[in-house]
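Asker: Sequence:
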Amino acid sequence: MRAMILAAGFGSRLLPLTDTLPKPMFPVMNRPVMERTIDLLCAHDIRDITVNLHHLPAKVTDYFGDGQRFGVKLNWSPEATILGTAGGIKAAQRYLDGGPFLVINSDIVVDIDLKQVIDFHFSNRSALTLVVKENDAQGVYDPIEIDADNRIVRMVKASSKNAPDIPSRVTFTGIQIMEPDIFERIPAGKFYGTTTEVFPQMVEEKLPVFAFRHEGYWADIGTRASYLRVHKEILDGKIDLDTSQGNSGNAQIVPPVLVGTGCRLSDYARIGPYAVVGDGCEIQDGATIENSVCWAGAVLRPGCTVRDSIIGHHAVVAEGETVSEKIRPA
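For the sequence shown, the working numbering gives the first residue as 1, with consecutive numbering after it.
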C-alpha cells in the first residue's frame with residue numbers, strides 16, 4: 001500500500017517557531033516528527049510515500065532527500081498555493097492512484113498497528129476508513145458519531161463540540177485509508193477539505209464509511225502545551241520511541257530527562273524533571289530547566305530558569321532570566 005503524509009500546513013498555533021521551521025521538522029525526542037511517521041510506515045512495509053509541501057518546503061526536502069537513507073521512496077508534491085487536506089491529496093493523485101492508500105497527518109505521535117487498520121478496511125469493504133479514538137479531551141478535532149457496527153453516521157460540526165458526550169462519539173486521529181475513486185469528488189487546483197467537505201458528503205450518501213477504534217497512544221503536537229505534553233508522556237513511558245541518550249556529565253539530573261549528544265552541561269546546572277535537551281546545547285552554571293524542550297544548539301546562561309517552555313534552535317536565554325510558559329525562537 002502507498003501512503004501520503006500531509007505536511008503543507010503553516011503551523012500557526014506554534015508561531016513564532018514556525019516562521020523559520022515547518023511543523024513536520026519539529027523535533028520529538030530530538031528527531032523530526034515526520035521522521036517518526038516515516039519510521040511507522042516503514043515498520044509496516046509501506047515504503048512508497050508522497051508528501052505535500054507548501055510552507056518552507058526546502059527545510060523538509062533538504063533533510064529527507066529522496067528518502068533512501070530512511071529506507072523509503074519519497075515523492076514530493078509541492079503546492080504553490082495551499083490546497084487544504086483534500087486539495088493536497090488531489091494534487092498528488094499521480095502518485096496515489098490505482099489502489100487504496102493511507103493518509104496520515106505529519107504532526108501526530110502514535111503507536112498503531114497499521115496492518116490491523118488495513119485488514120479492517122478490506123474486511124468491511126469500506127469506501128473510507130478513519131482511525132478514531134475516544135472523544136478527544138484536548139478538544140483539537142471535531143468529533144464523529146458512529147453506530148454499533150463502527151459505521152460513521154455523522155461528522156459533527158465544530159459548533160457541536162460542546163455537546164454532551166455520548167457513547168458513539170469519537171475523535172478522528174488524522175489517519176485514514178481511502179479508495180482511489182475519492183479523487184472524483186475533489187476539484188483540482190482548489191482549496192478543499194476532507195473533514196469539512198468530502199467526508200460529510202460520503203456519509204450523507206450512506207457509503208460504507210467506517211471508523212477503526214485505536215486504543216493505543218495518540219497525540220497531536222500542534223500547540224505549545226500539547227507539544228510539551230507529548231514529551232512528558234514519552235518520558236513517562238506511555239509510548240516507546242527510539243531515542244539516543246547523550247552524556248549528561250555531572251549535571252544535577254532530576255529524572256526523567258533526555259539529553260542529546262555533544263551537549264555542554266555545567267556541574268551546577270539542574271536538568272529535569274521532564275526536560276529534553278537537544279544536541280549541542282549548552283546549559284551553564286546555576287541554570288534550571290524543567291518540563292521544557294530545548295532544541296539543538298540552544299544556550300541557557302548562568303542562573304536562568306526555563307519552565308513549561310520551548311526553546312528554539314540556537315536560541316539564548318539570558319543570564320538570570322526566567323522563561324515560563326513561553327516559546328523562545330532563535
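A couple of the hints might just be wrong.
[Said to hold, decoys possible] The list that follows gives simulated cross-link-like pairs (lysine-lysine, BS3-like), each with its CA atoms no further than 27 Å apart:
#1 59 with 326
#2 326 with 206
#3 73 with 59
#4 190 with 326
#5 59 with 133
#6 133 with 232
#7 190 with 238
#8 326 with 232
#9 190 with 206
Note that these hints are calculated values from the structure, not bench results.
Asker: Measure nothing beyond the straight line between the CA atoms of residue 73 and residue 59; if it is 27 Å or shorter, mark the hint as holding.
Answerer: holds (18 Å)
Asker: Hinted pair, alpha-carbon criterion (27 Å max): residue 190, residue 206. Please report holds or violated.
Answerer: Status holds; Cα separation ~25 Å.
Asker: Compare the distance between the alpha carbons of residue 326 and residue 232 with 27 Å, and conclude whether the hinted pair is satisfied.
Answerer: At roughly 17 Å apart (the allowed maximum being 27 Å), residue 232 and residue 326 satisfy the hint.
Asker: Is residue 59 within 27 Å of residue 133, Cα to Cα?
Answerer: Violated, at roughly 32 Å.
Asker: Mind checking the alpha carbons of residue 133 and residue 232 for me, to see if they're no more than 27 Å apart?
Answerer: holds (20 Å)
Asker: Within a Cα-Cα threshold of 27 Å, do residue 190 and residue 326 meet the stated pairing?
Answerer: violated (36 Å)
Asker: Does residue 206 lie within 27 Å of residue 326 when you go C-alpha to C-alpha?
Answerer: violated (46 Å)
Asker: Measure nothing beyond the straight line between the CA atoms of residue 190 and residue 238; if it is 27 Å or shorter, mark the hint as holding.
Answerer: violated (40 Å)
Asker: Is the Cα-Cα distance between residue 59 and residue 326 27 Å or less?
Answerer: holds (24 Å)
Hints 2, 4, 5 and 7 from the earlier list are contradicted by this structure; the remaining hints agree with it.
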